[in-house]
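Enquirer: What follows is each chain in one-letter form.
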Amino acid sequence: MQLPTEQLPRFAVVGHPNKGKSSIVSTLAQDDSVDISPISGTTAANRIYPMSIDGKQLYQLIDTPGFQRPRQVMQWLLKHSRSVADRSQCVIQFVQQHEMDKKFHAECQLLKSITNGAGILYVVDGSTPYGPEYDAEMEILRWTGSPSMALINPIRNEKYVDQWHNALSQYFKIVRVFNAKTADNEKVLKLLSGFAQLDNNFEKPLAHAVSLLQKQYDQRITQSAHEIARFIHDAVQYQVQRPFKTTEQQGEQEQLLKTQYENDIRKLEQQCRTRVQQIFNYQHLQTEEMALSNLNEDLFSQRTWQIFGLSGDQILTAGAIGGAATGGVVDLAFGGASLLMGSGIGALIGGATAYFGRDTLAKIKIIGVSVGNEIIRIGPSSNVNLPFVILARALQHLQLISQRTHASREILQIENKSSYWANFDSDTRRKLNNHFKTIRDASSAKPEEIQEVSTVIERLFKNQQT
Amino acid sequence: MIRLSPIARYFDFTNQYECDQDLYESTLHRRDREFALKHGENSADTKLLKLWQRMRAQENPRPQTHKWQQRHHLYTLILSLLGLISGFGIARGVLHYDGQHPINLISVITVLVFLQLFILAILALTSLPFMRRLQDALSVFNPALWITRLIDRLGQHHINESALSHLQAMRKIDQSILMNYLLTLAQYFAIAFNVGIIACLLFLVFSSDLAFGWNTTLQIDNAVIHNITNYLSLPWQSWYADAVPSAQLIDISRYYRLDEALSNRAIYLNDYALQLGSWWKFIALCFVFYGLLPRIVLMILFKRRLTHSVAQSIWQHPYSQTLLSRMRTPMIDTMAHAAESHLNKQDIKHRALRTELNLNMTCPVLTWSNAVINTKQLKKFGITASRFVDIGGNYTPKQDKQALQEICAAQPAGLVFVCKGWESPTYDLIDTIELSRKLLKDKKKPILVLLSTNDDVVLSQDQFDCWETMFNEHDDTNVYVEAVKTE
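Read top to bottom, the protein sequences are chains A and B. Heads up, the first sequence is in this note's numbering, so the first residue is 1 and it goes up one at a time. Heads up, the second sequence is in this note's numbering, so the first residue is 467 and it goes up one at a time.
Treat the hints with caution; some may be incorrect.
As the list claims (entries may be wrong) - Below 25 Å or equal to it, Euclidean Cα-Cα: the simulated DSS-like pairs (lysine-lysine) are: (1) A:LYS103 to B:LYS769; (2) A:LYS431 to A:LYS446; (3) A:LYS215 to A:LYS187; (4) A:LYS103 to B:LYS867; (5) B:LYS516 to A:LYS446; (6) B:LYS769 to A:LYS102; (7) B:LYS846 to B:LYS769; (8) B:LYS846 to B:LYS516.
Claimed, not checked - One side of the interface only, derived from the structure: several residues of chain A facing chain B at Cβ under 7 Å: (9) TYR49; (10) SER52; (11) ASP54; (12) ARG71; (13) GLN75; (14) ALA207; (15) VAL210; (16) LEU212; (17) GLN223; (18) ILE279.
Note that these hints are calculated values from the structure, not bench results. Since this is a predicted model, take the numbers as computed values, not measurements. Every residue, glycine too, gets a C-beta built ideally from N, C-alpha and C.
Please construct the entire structure, taking both the sequences and the accompanying hints into account.
Expert: Have a look at this one:
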């Protein structure tokens with residue numbers, strides 16, 4: 001059920017410019033489109049990140065611009081306040097009076113969200129020392145009277161975390177350390193649960209939200225495993241073919257075809273990567289990974305005949321039908337007394353002509369155009385290790401993606417350890433081997449088979465996590 | 467909403483599954499979840515799947531599904547036509563009346579009623595689970611099977627890829643679905659066959675005079691025939707007595723082909739012909755109750771079985787579980803919907819640290835928010851500090867102004883602001899620098915903003931660029947930003 005606006009838990013992420021507010025929001029909202037830049041003032045206006053379930057909001061995160069003129073705001077507040085009791089009202093008055101003033105645009109944006117009922121998440125950088133320039137900010141936030149929590153975000157290191165802890169404890173009841181770029185899913189959910197400490201009314205919706213987010217994470221693993229299984233299936237069964245006319249062309253075409261095969265498999269792998277990243281909500285992620293290699297080993301290469309677009313088997317069937325039809329005329333002529341032998345013999349003759357006469361038929365020219373084409377086909381791969389290599393690479397990618405936060409903007413480096421798949425236990429390897437063999441031998445995709453491989457992959461991934 | 471035939475539904479599901487493989491999971495989740503919320507996520511699995519299929523068929527019609535739908539209609543049409551024609555034709559033969567001898571009721575009832583009942587009995591018997599082998603053996607007599615194979619073979623002769631794929635698809639159909647489908651199709655033939663028979667009878671009744679009698683070599687009493695007709699008339703006895711043959715009618719209807727006395731009945735010919743003709747109601751109702759109606763019932767039964775087996779097959783498809791999971795899993799959204807708005811920023815200016823800047827002046831050094839610098843570091847820029855003054859931090863803007871007024875009143879050669887390089891510049895600092903420029907009353911006097919660091923914190927290129935960009939917004943060309951040291 002949609003909570004009324006006044007009961008909806010809202011959290012304004014505030015603080016000095018460039019202290020990781022947007023990174024924290026990006027991590028908590030799982031949104032890698034949040035603009036994170038070292039340029040001060042990147043966040044120019046409040047941006048709301050609602051967490052919604054089927055369109056119904058459970059809570060809101062509000063990314064705000066950093067304080068720009070806190071001392072001047074404090075000066076105004078001190079001038080207009082008569083006692084401690086009217087401090088929060090004073091802040092409201094400040095916002096109302098200066099809303100259109102460009103000078104205090106940043107302060108009005110962040111204070112407006114707080115005066116509208118949002119809880120405060122004050123963010124500082126634990127890798128730089130505390131300084132007196134923060135005093136005015138913290139004092140302003142205290143004047144609002146809103147529930148608040150301080151987050152120490154150690155951007156580069158944790159050198160000054162303790163110093164900050166001591167300083168922040170003077171102003172905030174709850175102080176937590178949270179690294180927006182390295183926090184795993186468990187830490188993120190723990191922090192979200194911690195927000196409930198700000199207000200008792202937040203407990204239930206946040207608990208519900210955290211439980212759903214955990215389920216969402218588990219589901220993402222399942223979906224990713226399915227994508228990997230599909231990719232393995234497509235890669236193992238993949239074939240390419242090209243026609244050629246002369247034996248001289250064959251060598252050249254074979255080489256071109258092998259290159260095409262490799263490139264296509266790599267493309268399939270890249271598509272799988274993208275889909276897994278999409279599952280985890282990464283729209284802008286860049287990765288660096290060594291390309292798949294050694295695909296040309298043990299490829300299955302076959303020359304086939306093609307006449308009018310038919311394979312050899314199809315020519316055989318066509319010949320048999322043609323023969324049977326001819327024989328059928330014989331049966332009719334004898335009024336059925338030939339006991340259908342005419343059709344039977346006709347089928348045999350037709351089929352035999354087709355089988356033994358394939359070469360002859362191919363060289364026949366019709367209207368000056370040659371009807372015979374040879375086709376060279378590459379794939380499916382008979383390399384028994386290929387699916388394991390693909391799987392190991394995909395699992396590594398999945399591991400890195402599942403542990404990455406959306407605040408991280410660095411290129412994802414995937415170091416493919418060749419011994420990764422050697423770590424699979426023998427039972428798992430045997431099961432996988434059987435599945436891969438089934439996939440290799442099947443003529444088309446069977447959803448049941450992909451589902452079974454997906455289940456094994458998911459189990460494998462979860463075991464490696466523990 | 468499009469209503470697909472069960473067999474088209476069966477193939478459409480696979481088509482939709484293949485189509486979905488090209489879409490992103492988040493798109494599919496949103497689509498299926500919205501669908502489930504609209505139609506009741508707690509509905510039964512099969513109902514949800516059926517509705518989902520209808521929705522997809524409407525929104526994403528697949529050419530292959532359309533082909534299956536067309537084929538189904540083609541099979542139905544051809545079988546119905548064949549049934550109608552053959553029923554009419556056979557009835558025409560059986561009901562042939564040349565005016566010499568009446569139409570033999572025994573032949574009519576045996577061929578057109580009892581034979582059909584016999585076929586129905588065999589069909590019922592083979593439907594029993596333990597009769598599967600007999601069922602398979604008898605399937606070769608199924609006209610629906612002949613028609614489907616004939617159409618596909620005709621297609622195959624053209625070596626048409628579509629026909630080949632159709633054959634391959636047919637071979638992959640679940641056996642129970644295929645059996646129910648063929649049985650359903652066979653009922654179309656049978657219903658049309660009976661309609662043809664009834665149509666023929668009514669046509670002949672309307673357009674000519676018919677006379678029915680009965681004859682047999684067997685020594686059967688009239689009473690036996692009366693009993694048989696009474697049993698056969700049970701369904702309509704109570705509401706249509708006219709169609710129940712009386713004992714008298716049965717008596718007068720018996721004839722022998724050697725009976726020359728028939729012609730002696732000429733004086734009663736009109737009455738006699740009328741009486742013999744009255745059998746037609748009985749015969750028509752026999753066709754309806756023992757031919758047509760059972761086939762209609764079977765049609766409904768097999769169609770339901772087909773629908774059920776298709777629904778089962780779809781439900782057992784692994785993709786169904788994926789679909790249902792998506793439908794029942796809440797759609798979680800944590801991203802912002804509104805676009806980000808940015809202040810207009812100039813391009814980031816990347817500038818290497820200048821070490822050659824030498825202002826060669828003695829001036830006050832203002833340390834912002836307790837920033838630290840030593841004289842050695844100042845000397846690198848040719849600066850000799852005349853005095854150090856703390857501003858910013860815990861000082862109020864008013865106190866800063868007073869300090870600046872006092873400093874600038876002495877007309878210094880310039881000013882140096884020392885700031886913590888690792889902190890981002892704020893407009894608070896910019897305001898103070900602008901105030902100092904105003905108080906200096908000379909735009910040419912240099913103002914140096916020195917970014918300091920300490921042993922633990924160094925200045926990165928990004929941070930330096932951040933300062934550069936902030937000051938680039940101001941058109942004061944005599945404000946210099948320099949770093950004491952960087953990474």
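Enquirer: Look at each hint and say if it fits the structure.
Expert: How the hints compare with the structure:
{"no.": "1", "hint": "A:LYS103 to B:LYS769", "in the structure": "76 Å, violated"}
{"no.": "2", "hint": "A:LYS431 to A:LYS446", "in the structure": "17 Å, holds"}
{"no.": "3", "hint": "A:LYS215 to A:LYS187", "in the structure": "15 Å, holds"}
{"no.": "4", "hint": "A:LYS103 to B:LYS867", "in the structure": "18 Å, holds"}
{"no.": "5", "hint": "B:LYS516 to A:LYS446", "in the structure": "22 Å, holds"}
{"no.": "6", "hint": "B:LYS769 to A:LYS102", "in the structure": "73 Å, violated"}
{"no.": "7", "hint": "B:LYS846 to B:LYS769", "in the structure": "95 Å, violated"}
{"no.": "8", "hint": "B:LYS846 to B:LYS516", "in the structure": "80 Å, violated"}
{"no.": "9", "hint": "TYR49", "in the structure": "5 Å, holds"}
{"no.": "10", "hint": "SER52", "in the structure": "5 Å, holds"}
{"no.": "11", "hint": "ASP54", "in the structure": "5 Å, holds"}
{"no.": "12", "hint": "ARG71", "in the structure": "5 Å, holds"}
{"no.": "13", "hint": "GLN75", "in the structure": "6 Å, holds"}
{"no.": "14", "hint": "ALA207", "in the structure": "15 Å, violated"}
{"no.": "15", "hint": "VAL210", "in the structure": "11 Å, violated"}
{"no.": "16", "hint": "LEU212", "in the structure": "6 Å, holds"}
{"no.": "17", "hint": "GLN223", "in the structure": "5 Å, holds"}
{"no.": "18", "hint": "ILE279", "in the structure": "5 Å, holds"}
When held up to the earlier numbered hints, the structure conflicts with 1, 6, 7, 8, 14 and 15 and fits the remainder.
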